[in-house]
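Visitor: Letter by letter, the chains look like this.
Number of protein chains: 2
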Amino acid sequence: MEYRSASCAGNSSNVGTLRVAYTPRIVPQATNIIMEIKVFLFSLIVIYISARLLGELAVRCGQSSVLGELLAGVLVGPSLLGLVYPTETLTLMGEIGVMLLLFEVGLESDLQSFLRVGPSAAVVALIGVVVPFGLGYGVAAMVGLTPLQAIFVGATLTATSVAISARVLSDFGRLQSREGTIILGAAVLDDILGLVILSVMVGLAESGTVSWLTIAQTAGLAILFLSAAVAFGNRYATLFSKLVNRLNTRGALVITALTFALLLGYLAEEARVAPLVGAFAAGLILARTEHQGLIEERLKPITDVFVPIFFVLVGVAVDLSHLNPFHAANQPVLLLAAGLTVVAIIGKLVAGWGVLDREVNRWVVGVGMVPRGEVGLIFAGVGLASHIITDAQYGAILVVVALTTLLSPILLKRLLRNRPIE
Amino acid sequence: MEYRSASCAGNSSNVGTLRVAYTPRIVPQATNIIMEIKVFLFSLIVIYISARLLGELAVRCGQSSVLGELLAGVLVGPSLLGLVYPTETLTLMGEIGVMLLLFEVGLESDLQSFLRVGPSAAVVALIGVVVPFGLGYGVAAMVGLTPLQAIFVGATLTATSVAISARVLSDFGRLQSREGTIILGAAVLDDILGLVILSVMVGLAESGTVSWLTIAQTAGLAILFLSAAVAFGNRYATLFSKLVNRLNTRGALVITALTFALLLGYLAEEARVAPLVGAFAAGLILARTEHQGLIEERLKPITDVFVPIFFVLVGVAVDLSHLNPFHAANQPVLLLAAGLTVVAIIGKLVAGWGVLDREVNRWVVGVGMVPRGEVGLIFAGVGLASHIITDAQYGAILVVVALTTLLSPILLKRLLRNRPIE
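Sequences listed follow chains Z and C, in order.
First residue of the first sequence: 0, per numbering that gives the first Met the number 0; consecutive thereafter.
First residue of the second sequence: 0, per numbering that gives the first Met the number 0; consecutive thereafter.
Treat the hints with care, as some may be off.
Stated by the list, open to error - Derived pair list, reagent style EDC-like, types lysine to aspartate or glutamate, alpha-carbon separation capped at 20 Å: (1) Z:K37 <-> C:E269; (2) Z:K412 <-> Z:E55; (3) C:K299 <-> Z:E296; (4) Z:K241 <-> Z:E289; (5) Z:K37 <-> C:E55; (6) C:K299 <-> C:E289; (7) Z:K299 <-> Z:E107; (8) Z:K299 <-> Z:D109; (9) C:K241 <-> C:D318; (10) C:K299 <-> C:E55; (11) C:K299 <-> C:E107; (12) C:K37 <-> Z:E269; (13) C:K241 <-> C:E295; (14) C:K299 <-> Z:E295; (15) Z:K299 <-> C:E295; (16) C:K37 <-> C:E268; (17) C:K37 <-> Z:E268; (18) C:K241 <-> Z:E55; (19) Z:K299 <-> Z:E55; (20) Z:K299 <-> C:D109; (21) Z:K299 <-> Z:E289; (22) C:K412 <-> C:E55; (23) Z:K241 <-> C:E55; (24) Z:K241 <-> Z:E295.
What the hints assert, rightly or not - Between beta-carbon pairs, the in silico distance windows are: (25) Z:V142 <-> C:L80: 32 to 38 Å; (26) C:A328 <-> Z:N244: 48 to 54 Å; (27) C:L125 <-> Z:L238: 50 to 56 Å; (28) C:K37 <-> Z:R234: 35 to 41 Å; (29) C:K37 <-> Z:G117: 25 to 31 Å.
Hints were generated in silico from the structure; no laboratory data involved.
All of these numbers come straight from a predicted model, not from anything done at the bench.
Beta carbons are placed, not taken as given, at the ideal position from N, Cα and C, and that holds for glycine.
If we strip away everything but chain Z, and leave its shape as in the complex, we get (with noise of 0.2 Å):
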C-alpha cells in the first residue's frame, strides 16, 4: 500500500499555478497527513461550535440561524480570530453541504407547485437579471467605470444565491409557501441566466466578442438538462425503489438516495450547471418515491454536519479590511460598494413585483432574491483575472456579496414578522 495521496499530489494536474512536485515517498506526506488531520480536526471543531453559538444566539434574538453562522465565519475567519483558513477540504465539503441543502429543499417540495408558479418564478428571475443589471452599469458607468468594466459590475448584480434564500425559508418555516416557492424558482432559473450571462462574460474577457454559438450551447444543454430531470423522473424514481428494496447492507437507502444526489450533481457540473442545480432536481424526483420520508429524516443528520461547513465558509471569505471607513484607500470603494449595494437591492425588490400572483406577498419573494452568492462572486473573478476590473472595484464587488448576504435574513426577518403571510 501506498499513500501517495496526502497535499494535493493526487490532485497534481488539475491544480494550475498551484502544481506541486509529484512525490512517491511516504514519509513526508505521513508527516503532513498527521499535521493536516491536526488542522482539519480544529477547524471543524471551530466550525462546528462558533456555528452552534451564534446560530442559538441568532435564534434567541429572533434571526435565523444561518445569520450566526455567517458571522461564526466572519469572527473565525482571517479577518478576526484567523482560526479557520478556506481550505481545499473545507471548501469541497462545503460545497457537498451547499448540494445537500437543495437536495433536501427538493426533496420536501413538490415540482406540481413550481410548475404552477412557473411563470411567476419565470418573470421574477428574468426583471431580477434585467433590472440589477442595468443599475449596476449605470452606477457603475456614474462614477467613471469604461463600459467594460461597467458591463462586469452589472453583471455581478444580477445572480441570486439560492443556498442563503433557501437556508432563511426553511429556518422561518416558509419553505412550501407560495413565495417560498417561487423565490426557489426564480433563483434555480437565475442559475441557468447567470451561466448564460457567464458565458457572454468570458467571451467578452477573452476576445471582446460575443459568441452566440457558446451561448446557445450553455442554455441548451442546462434546459436539456433539467427537462430531461424532470421529464425522466418518475422511471428514476421507480428504478430506485426497486434498486434500495434489494440491498441488504447497511445504510442502503441513504447512501443510494445520497449517490443519486451527487450524481445528478455531477451530471448537472458535466452540463455546465451547478452541482446544485443537479442535487436539487435528485431532490425533486425521489420527492415522488415510497421512501422519501425516511430519506428526509436519514439525511437531516449528514446534512447537519456538511452544510455549516458551507455557511461558515462564505463568513470566513468576508475580507473586513475593505469595510474601513476610515482608511482612507477604502472610501472610493465603500463609494462604489455603497451605490451598488442600494442598487442590487432595489433591483431585486422591483423582481418581486413581476409576481402575476395577487395573493403573494411581493416584498418577501422581492427580498429573499437579495442575497448574492458564488456566481457573482465567480463573474467578478472573471473580470479581475482578465485585468478588466481593478483590485478596488473588486473590492466594492465582495462588500455588496457580504452585505446582500447579511441583510437578506434579517430583512426577511422583519418582513414575516409585520406581515404574515398565509
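With chain Z's structure known, arrange chain C on it following the hints.
Guide: Using the frame of chain Z, we list chain C on its own:
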C-alpha cells in the same frame, strides 16, 4: 470575500516538502475548485457505488461487507481501473470515517466490560507486540537484512488495525462478545504500544540512539490522556447532557456529540495518540448519557457517509504491481513478504493464547488481531525515508499489510461459522 482558499494554499505552512506558492488571486482557484469539485464528486460516486456493489456481493457470499469495500478500493484504485486516487480531501474524510467508526464502537460499548477484560487485553497486546516483533526480526535477519533493517521490519508487524477488526466484528454482530471486547481493548493498547515503538524507531532512524526521555514522554502522555478521559468521563457526560438540553437549533444533539468526538480526537492527536483512540474514548463517555440511544441512531447515517471512504481508500492504496510473481524483480520481495505474512499471522495467533479467561475462544481473539494497518505503514515509512530499509523491503511490508488486512475477515468468518461463541 476572497476565496484565497483552494488547493492547499491555506495549509501551505504545514506542507513541508510540498510547500506551494501563495497566490491571492481568485480566478485560478475558482476554476480549479470547479475542476476539483468534478473530480471529487466523481470519486465519491465511484466510491459509494463500488463499495455498495462489492459490499453486497461479499455479504451474499457470507463474508463481511468490509472485505467487499476493501476489494472495491483495489478495483477502482490506480492498480486496476484508475478511477479513484487518494487525494488529500478523501484521505481526511476517510480519517473522519475511522474516527466515527470507533466513536460508534465506543457508544455501543460498556466501559465496565473493558475494565473487566483489561488484564487479558493487556497480555494479548503485549504478546502480540513481542512475538511478531521477534519473529519478524528473525525472518528478516535470515534473508540477510542488517540488524537495523530487521528491527524496522519487525516493528511494522506489531500494530493491529483497530478499524478493520472493529468493522468485521460489527458486521458479524460480535462487538459486545467477550472476544470482541478483548480484541478491541488489546488493539487500543497496541496503538499506545505502537506509539512507544515509533518514538524508538524515530530515535534510531535519526541518531542511531534511543532517547528514554522521549519514550517516557510518549507513553506518559498517552496513558495520561486515556486515564483522564475515563476518569473525568462522568463529569463530561453530565455536562454534555445539560448542554444539549439547552440548545434549540436543529441537529443540536448529533452535532454536539460529533464535535465532542472530534475534540477528543484532536486532544488525542495533541497527546500523540491516534485520533481514533480519542474518538473511541468519547464514545465510551457518551455511552453513559441518557442520549446514548438517540446519538447512536442519528450518528449511523453520518458514519455510513464517511466510513466507506476510509475502507475504499485502504484498498486504493494497494499496489498490485508488487504482487506479480512472474516479474523476476518481485520474487525476492514476495519471498520476504510470504515469510513475514506467515509470522505476522502466527505472532498474533500466539497472542490470542494470552487470554486469561478460559471461556473465551482464543482463536477468534488471535485472528481478530491479525489485520495490520496505518501504524505499520508509518513505521515502514520512517524506515524508508531514513534510507534504512530499501524500496523492495518497503514493498514487501505493503504486501504483508494488504494480505493480513484481506485475510483476517475471511478467517474470522470461517471461525465464527465453525465455532459459535456465546
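Visitor: State for each hint whether it applies.
Guide: Structure-based check of each hint:
About 8 Å separates the Cα atoms of K37 of chain Z and E269 of chain C, which keeps this hinted pair within 20 Å; it holds. For a cut-off of 20 Å, the pair hint linking K412 of chain Z to E55 of chain Z stands: about 16 Å separates their Cα positions. Straight-line distance between C-alpha atoms of K299 of chain C and E296 of chain Z comes to about 12 Å, which keeps the hinted pair within the 20 Å bound. Only pairs whose Cα atoms come within 20 Å are accepted, and K241 of chain Z paired with E289 of chain Z is accepted, the gap being roughly 11 Å.
Between K37 of chain Z and E55 of chain C the CA atoms are separated by roughly 34 Å; this puts the pair beyond 20 Å, and the hint is violated. With a C-alpha separation of about 18 Å, the suggested pair K299 of chain C and E289 of chain C falls inside the 20 Å cut-off, and the hint holds. Proposed proximity of K299 of chain Z and E107 of chain Z is supported: the alpha carbons are some 12 Å apart, at most 20 Å. A hinted pair counts as satisfied when its Cα atoms are at most 20 Å apart, and K299 of chain Z with D109 of chain Z qualifies at roughly 19 Å.
Under the criterion of a C-alpha separation no larger than 20 Å, the hint pairing K241 of chain C with D318 of chain C is inconsistent with the structure, at around 49 Å. In summary, the hint linking K299 of chain C to E55 of chain C is supported, as the alpha carbons are separated by about 18 Å, within the 20 Å threshold. For the proposed pair K299 of chain C and E107 of chain C, the alpha carbon gap of about 12 Å is at most 20 Å, so the pair holds. For the given pair, K37 of chain C sits about 8 Å from E269 of chain Z by alpha-carbon distance, which is consistent with the 20 Å threshold.
With a C-alpha separation of about 18 Å, the suggested pair K241 of chain C and E295 of chain C falls inside the 20 Å cut-off, and the hint holds. Annotation: proposed proximity of K299 of chain C to E295 of chain Z holds, straight-line Cα distance about 14 Å (limit 20 Å). For the hint pairing K299 of chain Z with E295 of chain C, the CA-to-CA distance comes to about 14 Å; that is within 20 Å, so the pair holds. Only pairs whose Cα atoms come within 20 Å are accepted, and K37 of chain C paired with E268 of chain C is rejected, the gap being roughly 32 Å.
About 7 Å separates the Cα atoms of K37 of chain C and E268 of chain Z, which keeps this hinted pair within 20 Å; it holds. For the given pair, K241 of chain C sits about 15 Å from E55 of chain Z by alpha-carbon distance, which is consistent with the 20 Å threshold. Simply put, K299 of chain Z and E55 of chain Z have alpha-carbon atoms about 18 Å apart, close enough for the 20 Å limit, and the pair holds. Taken as a hint, the K299 of chain Z and D109 of chain C pair is broken in the structure, with Cα atoms around 28 Å apart against an allowance of 20 Å.
Pair hint K299 of chain Z plus E289 of chain Z holds up; C-alpha atoms about 18 Å apart against a cutoff of 20 Å. For the hint pairing K412 of chain C with E55 of chain C, the CA-to-CA distance comes to about 16 Å; that is within 20 Å, so the pair holds. Under the criterion of a C-alpha separation no larger than 20 Å, the hint pairing K241 of chain Z with E55 of chain C is consistent with the structure, at around 15 Å. Proximity of K241 of chain Z to E295 of chain Z is assessed by CA-CA distance (about 18 Å); at most 20 Å being required, the pair is judged to hold.
A beta carbon spacing of about 56 Å between V142 of chain Z and L80 of chain C contradicts the range 32 to 38 Å that was offered as a hint. Checked against the hint of 48 to 54 Å, the C-beta distance between A328 of chain C and N244 of chain Z comes to roughly 50 Å, which is consistent with it. A hinted range of 50 to 56 Å for the beta carbons of L125 of chain C and L238 of chain Z is consistent with their spacing of about 54 Å. At roughly 26 Å, the beta carbons of K37 of chain C and R234 of chain Z sit outside the given window of 35 to 41 Å.
Between K37 of chain C and G117 of chain Z the Cβ separation comes to about 30 Å, which falls inside the hinted range of 25 to 31 Å.
Going through the hint list in order, the structure does not satisfy hints 5, 9, 16, 20, 25, 28.
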